[in-house]
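Novice: Put together the whole structure using the sequences plus the hints.
Quick note, the sequences are listed as chains P and V, same order.
Position one of the first sequence corresponds to residue 2 (the numbering used here), numbered consecutively onward.
Position one of the second sequence corresponds to residue 7 (the numbering used here), numbered consecutively onward.
Treat the hints as calculated values from the structure; they're not laboratory data.
Wrong hints could be hidden among the right ones.
To be verified - Here are the simulated lysine-lysine pairs, DSSO-like style, with alpha carbons at most 30 Å apart:
#	chain 1	residue 1	chain 2	residue 2
1	V	15	P	112
2	P	19	V	109
3	P	111	V	227
4	P	251	P	238
5	V	227	P	110
6	P	75	V	15
7	P	93	V	15
8	V	15	P	132
9	P	93	V	244
10	P	136	V	15
11	P	133	V	15
12	P	75	V	109
13	V	109	P	60
14	P	132	P	177
15	P	136	V	109
16	V	15	P	111
17	V	15	P	110
18	P	132	V	109
19	V	244	P	133
20	P	132	P	75
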Amino acid sequence: MIEVQNLTKNYGPVAAIKNVSFEVGKGEILGFLGPNGAGKTTTMRILTGYFPATSGSAKVAGYDVFNQINEVRKRIGYLPENVPLYTDMSVKGYLNLAAQMKGLSGSAKKKAVDRVIEEVGLIQMRSRLIKKLSKGYRQRVGLAQSLVNNPEVLILDEPTVGLDPKQITDIRSLIKHLAGDRTVILSTHILPEVSMTCDKVTIINRGQIVVSDTLENLTKRSTDFSEISVLVRDHGKDVGSVLRGLPGVKEVKSVETGKDNGTRKFDVSLPQDEDLRGAVAKAITGADIELLEMASRQVTLEEIFIRHITKEEDHSPEPEANETATANSTEEEEASE
Amino acid sequence: MNAFFAMFKRELAHYFTSPIAYVVLIIFSILSGWFYVQGFLLPYSLYCQQYDMMQMQANPMMAQQMPAPNFTELIVPSLFSTFSIILIFLVPLLTMRLISEEKREGTIELLYTYPVSDLQVILAKYAAALVIFLFTVLLCAIYLYVPELLKEGGGVVEWRPILSALLGYFLLGAASISLGLIFSAVTENQIVSAALTFALLLFLWVVGWAPQSGTVEGVMKTLAESVSLTDRSEDLFKGLIHLSDLVFFLCVIVGALFITMRSLESHRWRG
Ligand SMILES: Nc1ncnc2c1ncn2[C@@H]1O[C@H](COP(=O)(O)OP(=O)(O)OP(=O)(O)O)[C@@H](O)[C@H]1O
Ligand SMILES: [Mg+2]
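Specialist: The structure is reproduced here in structure tokens:
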């Protein structure tokens, strides 16, 4: 449904995104994840035809974003980052306008507006002026506006930013419900958002795609039994050497010492191909140490995110002299923001 | 078309809710009303009285020195010259927010991603500003009709020159608004937009003085004569319709709308 290939966008000498490629299949919800300034908004603006890319190509709903942008526009719904609305209008008046701008008229328009007002839960607020709505309800108006042409593709730029926790959950479940068989791209820098709403994740950092996979694969990859943590009460015994003495154990790290109650926590790396959890448990109890807890370390999305992003930064320490100048200037800009 | 009317309706409604329309129309009514009554209507009726007295005295000598009161010739051109100066102050108020506000608020981002052309949006906004301006044209038409009511039997007002004057005034306003639209597209700051519009309109007025004062000559003189918007409408105010003047105004309007469109496009390409 959405195919992005080698998109690059330069703002003057600074590249906001570089060679971004990803794909989203029909009916999928893609979480577009990245820290501030990563290039999420820039990518979305290219997909919606707000501005063209410097190079690369993108197809949305089967149409080329550069040559057939009007066909694309008819088939998408877009919610920009700061939810720009005509705040002097009433909810209904505004949605009527949006519907007409998207080519609806007459009874089709009326039906579409009534439908979205109901879908996003704005029935009580329909005749209220937008400037008198709370942030959460404005977000709903923004969503309603994006949905009014019944689009195949929804592009939502940080739809839950700035909302209170209750509104965040409401909007999230609303998005999940609205998605239906639509294709959705949702950008965010909040990790739980991705695990709660999305099927696929694309992580972008400093304008480049870091990793792109299904949520399942990403989390599966990191929840095998090769990383476990154990919590013991050692009674003065040297747990470290007991664990290290086990055949197959690759690494043992002491991570925590509970001072008063004599507990200690270790992270143990085991081989990938063998389930050694039983052996570890036996060795510990055999050495007369109390085994209090043992768990395979669930690597959270947070860790994947940070791991990928830091890896990315390790890879690129001053590669070419001419590129560092621009890279430094972007960093300064971001720091000053 | 659908999108055009939707946008047009919104812009028009915004003029009244904001309430720039009321501000502009009230200011125009007060200023123009003052000039009309104080500066033209009262002197004119005084003149008519004096003239009638002369006629009664049947003093042929004096009667010759005092031409018969002709409303259209005596009053209409200078009345509209005065109104066109009021326009210089009011047009910036009408145009300043049209596009700059969309830029500042970010609503232009959504406009750009709707399946509508920039031209539709620009024309809708232009048309809405024109409608507000048309109210002032209507008021002018009423001013011109008043003497007809005051004098028994009427016959004071000659319709052809007056329609020409109204046309001149309309074209002048329409051209000024189109110029203002350019400045609302180049900045997201309404004050800057208004200031630039005001400066340009003021310049296009005063530039017409240069040839009269004889300070410029040759090419500069021709140039100064031909770009002055206010001068261009002088002949129309007098009831003289030249094709060249009409074409001039049309060119200004089309050109300004075109520049506005290009300026929106370029912002988009530069991001
Ligand atoms: N108009 C602009 N001119 C110059 N640089 C820009 C412009 N807009 C964005 N950038 C730069 O492009 C980069 C990507 O910005 P973008 O807005 O796409 O990031 P983002 O991922 O959406 O960030 P955020 O999470 O803060 O919304 C940033 O480094 C930003 O400074
Ligand atoms: Mg952003």
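Novice: So, for every hint listed, does it hold in this structure?
Specialist: Going through the hints against the structure:
1. V:15 to P:112: Distance of about 20 Å is within 30 Å: holds.
2. P:19 to V:109: Distance of about 27 Å is within 30 Å: holds.
3. P:111 to V:227: Status violated; Cα separation ~59 Å.
4. P:251 to P:238: holds, 21 Å
5. V:227 to P:110: Since the Cα atoms of residue 227 (chain V) and residue 110 (chain P) sit roughly 57 Å apart, the hinted pair is violated (cutoff 30 Å).
6. P:75 to V:15: holds, 22 Å
7. P:93 to V:15: The hint holds at about 14 Å.
8. V:15 to P:132: holds, 19 Å
9. P:93 to V:244: violated, 49 Å
10. P:136 to V:15: holds, 26 Å
11. P:133 to V:15: Judged against 30 Å, a Cα distance of about 22 Å means the pair holds.
12. P:75 to V:109: holds, 23 Å
13. V:109 to P:60: Distance ~27 Å between residue 109 (chain V) and residue 60 (chain P) Cα, so the pair holds.
14. P:132 to P:177: Holds - the C-alpha atoms of residue 177 (chain P) and residue 132 (chain P) are around 27 Å apart, at most 30 Å.
15. P:136 to V:109: holds, 21 Å
16. V:15 to P:111: holds, 17 Å
17. V:15 to P:110: holds, 16 Å
18. P:132 to V:109: holds, 18 Å
19. V:244 to P:133: violated, 52 Å
20. P:132 to P:75: Measuring from Cα to Cα gives roughly 28 Å; hence the hint holds.
Against the hints set out earlier in the document, violations occur for numbers 3, 5, 9, 19.
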